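> Below are the chains, spelled out letter by letter.
There are 2 protein chains.
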Amino acid sequence: MRQLYHMPISPACRKVRLALTEKNLEFELVEERDWERRREFLMLNPAGEVPVLVEDEAEPICGATPITEYLEETSTDVKLMPSDPHARAEMRRLIDWFDRKFAVEVSDGLIFEKVTRRFLSSAEGGGAPDMVVVRAALHNLRYHLDYICFLMEERNWLAGEEMTLADLTAAAHLSCLDYVGDVPWAQYQGAKDWYVKIKSRPGFRQLLADHVAGMPPPKLYANLDF
Amino acid sequence: MRQLYHMPISPACRKVRLALTEKNLEFELVEERDWERRREFLMLNPAGEVPVLVEDEAEPICGATPITEYLEETSTDVKLMPSDPHARAEMRRLIDWFDRKFAVEVSDGLIFEKVTRRFLSSAEGGGAPDMVVVRAALHNLRYHLDYICFLMEERNWLAGEEMTLADLTAAAHLSCLDYVGDVPWAQYQGAKDWYVKIKSRPGFRQLLADHVAGMPPPKLYANLDF
Chain A
1 MRQLYHMPIS
11 PACRKVRLAL
21 TEKNLEFELV
31 EERDWERRRE
41 FLMLNPAGEV
51 PVLVEDEAEP
61 ICGATPITEY
71 LEETSTDVKL
81 MPSDPHARAE
91 MRRLIDWFDR
101 KFAVEVSDGL
111 IFEKVTRRFL
121 SSAEGGGAPD
131 MVVVRAALHN
141 LRYHLDYICF
151 LMEERNWLAG
161 EEMTLADLTA
171 AAHLSCLDYV
181 GDVPWAQYQG
191 AKDWYVKIKS
201 RPGFRQLLAD
211 HVAGMPPPKL
221 YANLDF
Chain B
1 MRQLYHMPIS
11 PACRKVRLAL
21 TEKNLEFELV
31 EERDWERRRE
41 FLMLNPAGEV
51 PVLVEDEAEP
61 ICGATPITEY
71 LEETSTDVKL
81 MPSDPHARAE
91 MRRLIDWFDR
101 KFAVEVSDGL
111 IFEKVTRRFL
121 SSAEGGGAPD
131 MVVVRAALHN
141 LRYHLDYICF
151 LMEERNWLAG
161 EEMTLADLTA
171 AAHLSCLDYV
181 GDVPWAQYQG
191 AKDWYVKIKS
201 RPGFRQLLAD
211 HVAGMPPPKL
221 YANLDF
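Those protein sequence lines, which keep their order, are chains A and B. Straight run, no breaks: the first sequence in UniProt numbering ends on number 226. Straight run, no breaks: the second sequence in UniProt numbering ends on number 226.
Simulated from the structure, these hints should not be mistaken for laboratory data. Accuracy of the hints is not assured; some may be wrong.
Which copy is meant is left open, because identical chains are indistinguishable; a pair holds if it fits in one copy or across any two.
[To be verified] Within a straight-line C-alpha distance of at most 30 Å, the following computed DSBU-like cross-link-like pairs (lysine-lysine) qualify: (1) 101 to 219; (2) 23 to 79; (3) 101 to 23; (4) 192 to 23; (5) 197 to 101; (6) 79 to 197.
All of these numbers come straight from a predicted model, not from anything done at the bench.
Produce the entire structure from the sequences given, and follow the hints as far as they go.
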């Protein structure tokens with residue numbers, strides 16, 4: 001059985017979990033606190049980061065983009081990318097948007113401050129969240145929710161008429177923020193409608209069951225009618 | 001004729017230029033100082049970042065990864081990716097290594113401090129480089145040169161026996177640092193041997209001709225025997 005080394009509140013890992021489930025590929029989760037730099041894990045991925053996918057006998061596949069491109073190339077059943085190269089470029093533009101721009105401006109900071117710091121010693125940077133970082137991230141989040149609304153005025157899904165890996169990427173980020181309880185959905189109806197649709201995909205059930213020790217999710221987190 | 005919006009000392013843009021030349025695709029360069037957030041440029045790429053590739057009539061393609069994947073999908077002549085999915089995953093792992101890890105630990109900081117700051121007003125963060133950032137980046141650089149040496153002990157090129165987009169990615173980063181004059185090649189023979197090989201590729205000539213106003217490159221920058 002393939003194994004996915006992951007952390008629960010990690011957009012990169014959640015994207016891979018959603019992609020695996022959409023493709024009906026079974027997998028086992030192995031939680032890996034990658035900041036602990038465990039020797040055996042560094043042997044799998046010298047970059048020392050989750051996600052890492054290990055399939056029987058084969059070399060491990062490291063990183064969300066290498067894994068999702070690999071899954072798309074090798075699993076012929078369910079496709080998560082359009083076939084037209086221009087449509088694929090538009091999808092990859094949006095994946096880049098969330099994995100680089102949104103990550104830097106919103107999710108990396110919020111998740112580090114609100115989740116990761118709980119697991120670190122004070123020497124490692126643990127402690128209470130830095131509210132300056134949190135407020136800046138929440139401010140930036142609004143522009144991105146606006147952008148999702150803008151895209152959804154003309155499209156069924158973020159990158160076009162079909163659900164693609166761009167939707168899974170954005171949803172993976174937003175589901176992490178939703179756990180932290182900070183997404184003002186009510187003010188962004190287009191973004192909310194999109195999130196309701198993707199939240200009802202089968203892969204989401206497993207994500208919504210994740211619990212961080214000492215940090216229960218907000219009441220409406222797992223609710224489809226939030 | 002296709003146009004590439006770019007900045008000269010940008011690893012992402014240099015990777016695309018190298019890929020276009022390897023594939024024998026003609027292009028025109030348009031310099032775009034993306035931090036100026038020019039309105040017409042934001043219409044091409046709402047993320048406001050170079051590189052952007054514009055082909056006649058078609059939608060612009062935004063970002064180094066969307067562009068290079070698009071070129072690989074549409075140009076059938078010269079391939080820059082292996083055909084085996086596992087080998088492609090290994091190549092993408094190394095692309096990720098340089099575009100995310102190396103960028104964060106080394107090139108983003110060095111290029112911002114030593115190049116970008118020259119173009120910014122003091123209100124925008126312009127001025128003399130912050131030597132704390134520069135020194136940290138140069139310290140980190142050594143681990144990455146070691147890693148290149150390690151890979152080159154077993155392989156012809158970074159990702160295996162053939163030159164791939166992983167080599168172009170790493171070379172794009174290192175050529176920017178080389179312009180700034182900070183790569184201790186002499187102490188890393190394996191990395192140097194690899195860089196000599198890739199520096200002699202035809203696409204490199206054009207990169208090595210780039211000059212930043214007021215900041216001439218070091219003497220051995222364009223030299224194949226450095």
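> Now tell me if each hint is right for this structure.
Taking the hints in turn, this is what the structure says about them:
In this assembly of identical chains, the alpha carbons of residue 101 and residue 219 lie at most 30 Å apart only when taken from the same copy (29 Å versus 36 Å across copies). For the identical chains of this complex, residue 23 and residue 79 are neighbours both inside a copy (7 Å) and across copies (28 Å), given an alpha-carbon limit of 30 Å. Taking the shortest Cα distances, residue 101 and residue 23 sit within 30 Å of each other both inside one copy (27 Å) and across copies (29 Å). Proximity of residue 192 and residue 23 under a CA criterion of 30 Å is satisfied intra-copy only: 25 Å inside one chain copy versus 43 Å between copies.
Proximity of residue 197 and residue 101 under a CA criterion of 30 Å is satisfied intra-copy only: 24 Å inside one chain copy versus 34 Å between copies. Within a single copy, residue 79 and residue 197 get their C-alpha atoms as close as 18 Å, which meets the 30 Å cut-off; across copies the closest is 38 Å, which misses it.
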